[in-house]
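Since the structure of chain L is already known, use the hints to place chain G on it.
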Amino acid sequence: MSSPFHSASFEQLALPLLPSLYSHAFWLSRNQADAEDLVQEAISKALRAFDSFQADTNFKAWIFRILRNTFLTSRTGIAASRTVFLEDRPDLPDTIDANPTPEEHLIRLDNQAAINRALDDLHPHLREVLLLCDVEELKYKDIALVLDVPLGTVMSRISRARRTLHQQLKQQLGESL
Amino acid sequence: MTQTTQGNGHLGPDQLSAFIDGELSSSEAEEIQQHLADCHPCALRVLTATQLKAATARAAQRFAAPPELLARLTAQLRPQESKKTARIFSFRSVAWAAVAAALVLAASLIGWRQTRQASTLSAELLDQHLAALSSGASPEVISTDRHTVKPWFQGKLPFSFNLPDVLPAETTLKGGDLAYLNGQPAALLLFTIHKHEVSVFLIQRSASPMVTVLSGTQSGFAIRHAMTNELRIIAVSDVNPADLDLLISALVEAQTPR
Numbered sequence: 001m002s003s004p005f006h007s008a009s010f011e012q013l014a015l016p017l018l019p020s021l022y023s024h025a026f027w028l029s030r031n032q033a034d035a036e037d038l039v040q041e042a043i044s045k046a047l048r049a050f051d052s053f054q055a056d057t058n059f060k061a062w063i064f065r066i067l068r069n070t071f072l073t074s075r076t077g078i079a080a081s082r083t084v085f086l087e088d089r090p091d092l093p094d095t096i097d098a099n100p101t102p103e104e105h106l107i108r109l110d111n112q113a114a115i116n117r118a119l120d121d122l123h124p125h126l127r128e129v130l131l132l133c134d135v136e137e138l139k140y141k142d143i144a145l146v147l148d149v150p151l152g153t154v155m156s157r158i159s160r161a162r163r164t165l166h167q168q169l170k171q172q173l174g175e176s177l
Numbered sequence: 178m179t180q181t182t183q184g185n186g187h188l189g190p191d192q193l194s195a196f197i198d199g200e201l202s203s204s205e206a207e208e209i210q211q212h213l214a215d216c217h218p219c220a221l222r223v224l225t226a227t228q229l230k231a232a233t234a235r236a237a238q239r240f241a242a243p244p245e246l247l248a249r250l251t252a253q254l255r256p257q258e259s260k261k262t263a264r265i266f267s268f269r270s271v272a273w274a275a276v277a278a279a280l281v282l283a284a285s286l287i288g289w290r291q292t293r294q295a296s297t298l299s300a301e302l303l304d305q306h307l308a309a310l311s312s313g314a315s316p317e318v319i320s321t322d323r324h325t326v327k328p329w330f331q332g333k334l335p336f337s338f339n340l341p342d343v344l345p346a347e348t349t350l351k352g353g354d355l356a357y358l359n360g361q362p363a364a365l366l367l368f369t370i371h372k373h374e375v376s377v378f379l380i381q382r383s384a385s386p387m388v389t390v391l392s393g394t395q396s397g398f399a400i401r402h403a404m405t406n407e408l409r410i411i412a413v414s415d416v417n418p419a420d421l422d423l424l425i426s427a428l429v430e431a432q433t434p435r
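Protein sequences appear in the order of chains L and G.
Its first residue numbered 1, the first sequence is counted upward by one per residue in my numbering.
Its first residue numbered 178, the second sequence is counted upward by one per residue in my numbering.
Excised from the complex, chain L in its bound form (with noise of 0.2 Å):
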C-alpha cells in the first residue's frame, strides 16, 4: 500500500474508464439493463478488491478482466459459453495472393452500416479480442490479462477477427454491386 500508484484512488483511476467499461459490458451482454448491471457489479468487486491491485499492472486491464468475469458468471454470460469456438478453425487463407489488385484489397471502408454488421455477425470470441485492441487500444499483454490466454492466441485471434472482417465486407460489397 506504501507504493506511489496506490495514492491514486480508485476514483481516479475508474471514474474516466465508466464510459469504456459500460461499451464493452454492452458488447458482451448485447442488451441495456444487463450491460448496467455488468458495470455496477464490476466496480463494487473491483473497490472491493482494489487493496489486491498490483501498482506495475495496468488498471484498466485489470478491471477489464474483472467485468469479463463477472459476465461469464452472469446469465447472459454462461448462456453465450455455449457458443462454440475453435481456436484454429482453418477457415481463413492464410497465405496471401502476391499480386492482389486494389479493388480486391480496398474495400469500402466509409460504409459504416456494413462494418456495423460486420462487426455484429464476428464471433463473440473474435469480436472482444479486436474490441479489446482497436478501441480499448490495450496492448497484447494486457489483452492476454483480460481475456486469461497466451499472447500467441491473442496474437492469432487479432489476426483472423481482421480477416474475418475483411472477407464479410468483401462479400457485402459484392453483394451490393
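If you are wondering where the hints come from, they were derived from the structure by calculation, not from laboratory data.
Just so you know, not all the hints are guaranteed correct.
If you want the ones that stay clear, here's a sample from chain G, every Cβ over 10 Å from chain L, calculated [stated by the list, open to error]:
id	residue
1	Gln210
2	Phe398
3	Asp415
Covered by chain G, per the in silico footprint, the following chain L stretches (three or more residues, Cβ under 8 Å) [to be verified]:
id	region
4	34 to 40
5	115 to 126
6	133 to 145
7	163 to 169
All values reported here derive from a predicted model rather than from experimental measurement.
Think of the CB as a built atom: it goes at the ideal place given N, C-alpha and C, for glycine as much as any other residue.
Relative to chain L, chain G alone:
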C-alpha cells in the same frame, strides 16, 4: 515475436496485425518498413488493415452509457475518495461534485419527461443514502455539534435552515454534506438513531414545484417526507419508521419561527 515473412517473401497475417498495432520490436518494424518500400501489394494490405482498424474503432463506439448510470456510479465512487485520502473539502472534490451534479441534473431532466418522477426520486434518494453509508465514508463536515454543522452550509446553499436544540432520544447528529437531489442543491444531514444510519435531505421548497415524494418504503428503507413554509425535508433510513417520524417532527419544529 512473430513469424517472419512468409515463404513468398510477403507479410504474414499475424505479423501484419502486430505491425499496425505497434507490437513489434523496433528492429522487426524497421525490417517491415524496408519491405513495404519495395512491395506494393504488402503496402496496400497495410493501408487497408490500418483503415479497417480505424473503422472498427469508430463503429464499436456506438453504445453510450446512460446518464443515470454514470450519475449513480459517480455517486458510488465519490464518497470512497474522502475515505481513502481523508481530505478536507478540496477543489477536486468540488469539481467532482459539479460533475456528479451535472449528471444528476441531466438524469433528472430525463426523468421529468417520463411519468415515473416519484419513483425516480425515491431511487435517487436511496442511492444517495446508500452512497453515504458505503464502507464508512465520512461526511465533509464531521461534527455532533449543531453549531458547527449549520454554519458549514452557509454560502454553499441558496437557503438556510435550523437544527433542533434537542434531538429525540437515541438520535445523534453525525455530520453534513452537500448533495444534489432532483437537480437541486440540498443539505444532507447524517444522523444515527439506535445505531441505524439516517440521511436527511433539506431542499428549497419553491424550487421544486412538481415532484412529489411519497412517503413509503423502498427496498426495505423507509422514506419520510415533510414540508415547511420554506423547505422540503426528506429522510431515508432502515430504522423503525416511527423513530424517523420523531426526527422529521423535530426538524419541522425547528424551522417554525418562535
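Verification of the supplied hints:
1. Gln210: holds (19 Å)
2. Phe398: holds (18 Å)
3. Asp415: Fine: 19 Å to the nearest Cβ keeps aspartate 415 of chain G off the interface.
4. 34 to 40: As far as the region 34 to 40 of chain L goes, the hint holds, because 4 residues have Cβ atoms under 8 Å from chain G.
5. 115 to 126: Result for this restraint: holds, n = 3.
6. 133 to 145: That given contact holds, which follows from 5 residues of the region 133 to 145 of chain L lying within Cβ reach (below 8 Å) of chain G.
7. 163 to 169: holds (count 4)
The structure meets every hint from the earlier list without exception.
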